[in-house]
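Participant: Okay, here's what each chain looks like letter by letter:
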Amino acid sequence: MSNQTSTLFDKVWDSHVVRKIEDGPDVFFIDRHFIHEVTSPVAFLGLESRNVGVIYPNRTFATADHNTPTINQHLPVQDPLSAKQLDALETNSAKYGISHWGLGNAKNGIVHVVGPENGITLPGMTIVCGDSHTSTHGAFGAIAFGIGTSEVEMVLSSQCIMQPKPKKMRVNVNGKLGKAVTPKDVTLYIISKLTTAGATGYFVEYAGNVFENMSMEGRMTVCNMSIEMGARGGMIAPDQTTFDYINGRDQAPKGEKWDKALAYWKTLKTDEGAVFDKEYNFDAADIEPMITYGTNPGMGQGISRNIPTSGEVEGGKATYDKSLNYMGFHENESMLGKKIDYVFIGSCTNGRIEDFRAFASIVKGRKKADNVTAWVVPGSHIVEAQIKEEGILDILTEAGFELRQPGCSACLAMNDDKIPAGKYAVSTSNRNFEGRQGPGARTLLASPLVAAAAAVTGMVTDPRDLM
Amino acid sequence: MAYDKFTILRSTAVPLPIENVDTDQIIPARFLKATKREAFGDNLFRDWRYNGDDTPKADFVLNNPIYSGKILVGGRNFGSGSSREHAAWAIYDYGFRCVVSSFFADIFKGNSLNIGILPVQVSEEFLDKIFQAIEADPHAELEINLPEETITLVATGEKESFDINGYKKHNMINGFDDIDYLQAMKNEITEFEAARLY
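Chains as they are written, first to last, in the numbering used here: chain A, 1184 to 1650; chain B, 1384 to 1581.
Bear in mind the hints are in silico, worked out from the structure with no lab data behind them. Take the hints with a grain of salt, since some may be wrong.
Calculated lysine to aspartate or glutamate pairs in the EDC-like style (CA-CA distance at most 16 Å, straight line) [to be verified]: (1) B:LYS1416 to A:ASP1270; (2) A:LYS1203 to B:GLU1571; (3) A:LYS1505 to B:ASP1430; (4) B:LYS1552 to A:GLU1205; (5) B:LYS1419 to A:GLU1231; (6) A:LYS1505 to B:ASP1442; (7) B:LYS1552 to A:ASP1206; (8) B:LYS1419 to A:ASP1270.
Computed footprint of chain B on chain A, listed as stretches where at least three residues anywhere in the stretch have a Cβ under 8 Å from a Cβ of chain B [unchecked claim]: (9) 1202-1211; (10) 1214-1228; (11) 1443-1453; (12) 1499-1506; (13) 1614-1627.
Nothing here was measured: the structure is a model prediction, and the numbers come from that model. We put the beta carbon where it would ideally sit given N, CA and C, even for glycine.
Modelling step: build the complete structure from the supplied sequences, incorporating the hints.
Facilitator: So this is what it looks like as structure tokens:
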């Protein structure tokens, strides 16, 4: 290429390549590494068997989240296997001098919630974690993505991983979002258009005034879901909204360091004329409150639409039929009015303060439907404290909801928060795969507003009718 | 963790003609509680393979004694979802050394290569041919030739090439892993780290 233009992604990626291997991956330097109890123990065993240490312990941060109870966290963990994993995280962290926010720690919470809220996540960084929703941190203009346990071992031992550079995609959404259309609806809409594998092999930049006008919480929701269309990650150029969010947070740069960092962050944007391998444009006005009807996150649509026929969707009929059969749904049915048994609000996708504000805005002055079991799970203790301070807890309590303690909870149902077989759950989490929220559980992914509407009516309800 | 070297693999195959086989199906989250890598193969495709009372589901392919082998053949977009390497461990520990599909999710593909499973991406047409060949004869063999980067239906000799980068190919053939490589370039990494803004 003759011009010197480059994308935000190129700028961050290229500045982290330690070595280029011919006909192979890049040796890629990692600024921040998050670990949790589930995907790290085998990596630590690997270090021991090779007799190597942790090269930069201050670049790794541990928090317990995937496999933790969301009630009675002050008591010993009941499940012996879970307790053992939590112990392993604590012991390994202590042994190698890694910061550890275990159960009971005031900073504890879901890894992708606590990283940003403590100022650990910063623009221009490379961030990895043994969790595919690490893409969340891309909201800050960082390159952030999930890795496997072998790679966790690589980062611990060398602060690098081996990665081929992905292709580049830009998704532009411009225009004005309609009533009750939240960042979750924007991402579910994009995924429904691109399909569950439509961005595999790509790293996505989200651009356009819809993202520029979004809060950091909203941007995190969007970037979080990038993996659900197959992308390794997604990112949004940092701007004043980003800088204001970071400024003053616990581990954010201060004083001269802040000035220096800010000057760098302001260079982190895609140059005019830079080329992407693929580009999509969407109109904000086309987006409705969304809900999924199938068993992957690409199987979603506007809440007022009927379930498509197999002829209208990509992929084979056998796979489509299997999916609807699992859900107990039929082609051409309306989603509105379908009875709901469970509602889950929380997760690294929608477990931040804005999400609970949205949920409360519909719940306020109404009552939880009798047929619904609701799990309201903050993403961290800091979010939990905000819920209490802002009076949201009072609204929830008044309406018959209980607030649980932070963790990944029913998003992946590793702990006791499992949706029973055959039951329907409207969930603000990120995956509706078969059995994701418990064996046989049927998940309908949606925004906090749609979840709230379901919680108070006991069925799939258009939140616009309650606003 | 060391794995067996991979050069040429000739084997019968197990067909799983379903699209978007995600990592929650390969191994559900409730089986990720171990602190060691052991026995993950027992829970491979747990909820497709067993009923709630742990009795085998007769119609699932792993419970059908007609099908066996070291090659798993899956539908398009195999391995989507979570980054859990446990999914690749479960496949390896069950006894597979190669997964064939027309499209792989990125993280799963990387995890597989890191632990010694060869992901072989073929065209939709060739994938259909493989499924048809196995349907016609469950003992039909496939030959995966890593040095030559080819996959062959042994009975008919029909063949297709697949892609793998030279670095990973060299690792698989020799049983090397990335950590050995990275340990050998520590000085370069330390210099790089010292120059970071944060």
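Participant: A separate judgement is required for each hint: does it hold in the structure or not?
Facilitator: So, going through the hints one by one against the coordinates:
1. B:LYS1416 to A:ASP1270: 12 Å, holds
2. A:LYS1203 to B:GLU1571: Satisfied, since the Cα-Cα distance of roughly 12 Å is no more than 16 Å.
3. A:LYS1505 to B:ASP1430: 14 Å, holds
4. B:LYS1552 to A:GLU1205: Answer holds: LYS1552 (chain B) to GLU1205 (chain A) is near 13 Å, not above 16 Å.
5. B:LYS1419 to A:GLU1231: At roughly 13 Å apart (the allowed maximum being 16 Å), GLU1231 (chain A) and LYS1419 (chain B) satisfy the hint.
6. A:LYS1505 to B:ASP1442: 14 Å, holds
7. B:LYS1552 to A:ASP1206: 10 Å, holds
8. B:LYS1419 to A:ASP1270: Answer holds: LYS1419 (chain B) to ASP1270 (chain A) is near 13 Å, not above 16 Å.
9. 1202-1211: Holds, because 7 residues of the stretch 1202-1211 of chain A bring their Cβ atoms closer than 8 Å to Cβ atoms of chain B.
10. 1214-1228: holds (count 6)
11. 1443-1453: holds (count 3)
12. 1499-1506: Contact hint for the stretch 1499-1506 of chain A vs chain B: holds, 4 residues under 8 Å.
13. 1614-1627: holds (count 7)
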